[in-house]
Amino acid sequence: MTTDTHSKTIFGFWVFLMSDCLLFASFFATYFVLHQGTVTLFSLPFAFTQSVVFLISSFAAGFFGDKHKTLALLGFMFVLGALFLSMMGYEFAQLVQAGTSWQTSGAWSAFFTLLSMVGLHAAVGLLWIVVLMLQICFRGITPSTSRRLACLKLFWQFLNIVWVFIFSFVYLLGAQYG
Amino acid sequence: MFGRLNLEAFHQDVIEQGADLMMVLGAIFIVALLTYCKRWTWLWKEWLTSLDPKRIGVMYIVVSMVMLVKGFIDALMLRAQQMISVGDSHGYLTSSHFQQIFTAHGTTMIFFVAMGLLFGLLNFLIPLQIGARDVAFPFVNAVSFWLFAVGAMLVLISLAIGKFSATGWVSYPPLSELQYSPGVGVDYWLWSVQVSGVGSLISGINFFVTILKMRAPGMTLMKMPMLTWTTLATAVLIIFAFQVLTATLTMLSFDRLIGTHFFTSDFGGNPMMYINLIWAWGHPEVYILVLPAFGIFSEVVPVFSQKRLFGYASMVWATVAITLLSFGVWLHHFFTMGAGPNANSFFGIMTMLIAVPTGVKIFNWLFTMLQGRVIFKTPMIWFLGFIFAFTTGGMTGVLMSIPSVDFQMHNSLFLIAHFHSTIIGGVVFGFFAGLTYWFPKIFGFTLHERLGKWAAWCWILGFFIAFFPLYVLGMMGATRRLDHYETAAGWQPLFVVAAFGALLIAIGVGFQVLQLIISIKQRKENRDATGDPWNGRTLEWSTSSPPPEYNFAHIPEVKERDAFWAMKQAHQTHNTGKYEDIHVPKNSPLGFFVGIFAFCLSFGTIWYMWWLAAVGMIGIIVCVTIRLCDDDVERVMSAHEVQHIETARTRA
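So the sequences go chain by chain: A and B.
Residue numbering for the first sequence follows the numbering used here, beginning at 1 and increasing consecutively.
Residue numbering for the second sequence follows the numbering used here, beginning at 1001 and increasing consecutively.
One or more of the hints may lead you astray.
[Claimed, not checked] With a straight-line cut-off of 30 Å between C-alpha atoms, the simulated DSS-like cross-links for lysine-lysine are:
#  : chain 1 : residue 1 : chain 2 : residue 2
1  : B       : Lys1038   : B       : Lys1524
2  : B       : Lys1578   : B       : Lys1223
3  : A       : Lys69     : A       : Lys153
4  : B       : Lys1307   : B       : Lys1568
5  : A       : Lys153    : A       : Lys67
6  : A       : Lys153    : B       : Lys1213
7  : B       : Lys1045   : A       : Lys8
8  : A       : Lys69     : A       : Lys8
9  : B       : Lys1045   : B       : Lys1524
10 : B       : Lys1521   : B       : Lys1213
11 : A       : Lys8      : A       : Lys153
12 : B       : Lys1213   : B       : Lys1586
13 : A       : Lys8      : B       : Lys1223
14 : B       : Lys1521   : B       : Lys1453
15 : B       : Lys1453   : B       : Lys1307
16 : A       : Lys153    : B       : Lys1045
17 : B       : Lys1213   : B       : Lys1453
18 : B       : Lys1568   : B       : Lys1524
19 : B       : Lys1521   : B       : Lys1038
20 : A       : Lys8      : B       : Lys1578
21 : B       : Lys1521   : B       : Lys1045
22 : B       : Lys1586   : A       : Lys8
23 : A       : Lys8      : B       : Lys1524
24 : A       : Lys8      : B       : Lys1559
[What the hints assert, rightly or not] Quick list of the computed label-pair ranges, beta carbon to beta carbon:
#  : chain 1 : residue 1 : chain 2 : residue 2 : range
25 : A       : Lys153    : B       : Ile1596   : 30 to 36 Å
26 : A       : Lys153    : B       : Asp1632   : 23 to 29 Å
27 : B       : Ala1614   : A       : Gln94     : 25 to 31 Å
28 : A       : Phe59     : B       : Ile1161   : 50 to 56 Å
29 : A       : Leu127    : B       : Ala1313   : 25 to 31 Å
30 : B       : Gln1572   : A       : Lys153    : 42 to 48 Å
31 : A       : Leu154    : B       : His1640   : 16 to 22 Å
32 : A       : Phe11     : B       : Val1374   : 39 to 45 Å
Keep in mind that the hints were calculated from the coordinates and are not lab data.
C-beta atoms are modelled at their ideal positions from N, C-alpha and C, and glycine is treated no differently.
In isolation and in its complexed conformation, chain A is listed as follows (with noise of 0.2 Å):
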């Protein structure tokens, strides 16, 4: 029953990350319709910062183990989430500042909610992975627990190779018409 439940679950997980590949699709689309190389302001030393942060809480998700091993790894990825969220909203902040927002015309509208997208899915992921650790916490490593761990693991490495794409598209290519 145990080992049925888990495999259905990872791939129904595995299906859901692959429809949720279209919703990212569907935004990319729209920034591309609408960016017409109008999207220039930011910097990219701190959006390579940014994207190493959540690319190292992502490689920690790979070294899952024991109880303690893993509550640590938990709370390290929760640490760099956090840091690449507020980074996010830190360069949101600046750019509204800078007299730029979501409202000043349809390539920042498209910039705007394309990030923000990626900035839900990683609170969400947040919030996952501090249900999790008091789980893991309370009950350990359980049948149950691990399936949730496996299907954290995919949800923020899935979270990560989106970012790699938002690095590459929106931030180095970009950068060039800076």
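For chain A, the structure is supplied; the task is to place chain B on it using the hints.
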């Protein structure tokens, strides 16, 4: 405190007040009935908190039927207005009310009737057809249903509080932007579709995993019943298409809520992008609806022709071909946009291509009937209606796939007639055939046969009388969504004929209601004791009607296609093996609560009551978290209990 909700929102015209009164009276009647019969605990324990897909399926069907009546009344009102609003007369509806009605009609029929019936039947049947005891994620399934119900609720509530959208069922910007539609109408539309759309998406994933992971031993892909195949295809379409819808609606919501410029006509927004995105979802959506209907006919026709399905493999490949092609045709909804001759030709040809696998299916069903001993029960009458209505719809579709012809027909009543031919003729007739066919499986007794036939004939004749005039009107130049036209146009006689056809359909609906009442009254005489009233071929007929909570006491072993038929041929229908403990999901009220909070979230956002929206959002997070922390979600039915149920059923 109440955002933009004030007393003004409750001011409605006389017709809407009548509808509100009916809704309120209906609600009071149901509450009184439940209280009088002391059925509240029963409702809560057996239905609202149930995670049994069979129960959830029935709830889907009930909500869809209520919405069908509502959407059908909308249709009758549209027909009546167009019949009398000629020359000096302006009919009985104001322009703005008329616009709300056609928007509500489309939204209701697609999202809350067709999708609801689809998920209702699939919930009930798919686990049974594949010889499983449950769907892959029973709780997620309940959440899907409650999100669907919340969407339907929002459409109904817009009748009483505020207005519904007046921008057509796909709400094209810039009309649907805040600048041109400042009221709550478009927000009602956005949230009802968004919320039910999320429900559909997770249902799609659920069925995909269920079919791929939970089939009975021996049931390889090419031994699956056709309904299961078409459901698999539909699930794939849902998984690919519905996130595009989610993204598109999110963008339009952002435009209206926080002032982004995705689809505005200024500040670098691009309204045509919305139209591309919405049809990138919208065209697969029509196949999401029609493929399961094809699946239903592929079950019904062989059983009532007493022959196996002709060309099973070609049927499967046709289904797969339709699934793939349906993503390459969306531009035919707006050939007139000006994408240029190359783009238009490509999408025109793709559209014509999709007619080929569909034609394969039509011939397969006809060849199944050929040389069979056909029993003309009600489902077969629906099938015959389907063949004629759907084929005409398909042919007019191919006509319109020629861009130069489409330039003439675009947004005319010809188009309306075309898609009603495919959706009523295909989807609705299919689901009615399916409901009649599986009714004994769902409720344990068969429907009254003669009344069912009368209903079917009224629907079929009514359909042709209501929609064939629209083809002619379209060619005469009548565009869609007209609330008034001049006498000199010479359209009135045809509109009168169309209204008469709609009335005939109404009589058909009347027969269906009557059929249901009489069948319930005579349920003792029509009880299905065998579990197999039609001499069926697939596994759902091998268990009792209605099936026990666990579907099958022994998981069947599948050796051939038409598994149950093969068992009957080999006289192996009774498994005498030992009974075992069965795990079934425990009831959970959390799905219901997620629904309530989703309602708070949507209603709060529509009316700018931000505290309510926040309550809804936090509530959803809390409910989901509680569920994710609960490891005790299954209940064991002991072998003894199973044996008890099974002996009671075989004795009956």
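Of the numbered hints stated earlier in the document, which are not met by this structure? As far as the earlier hints go, 10, 16, 17, 23, 29 and 31 are violated by this structure, in ascending order.
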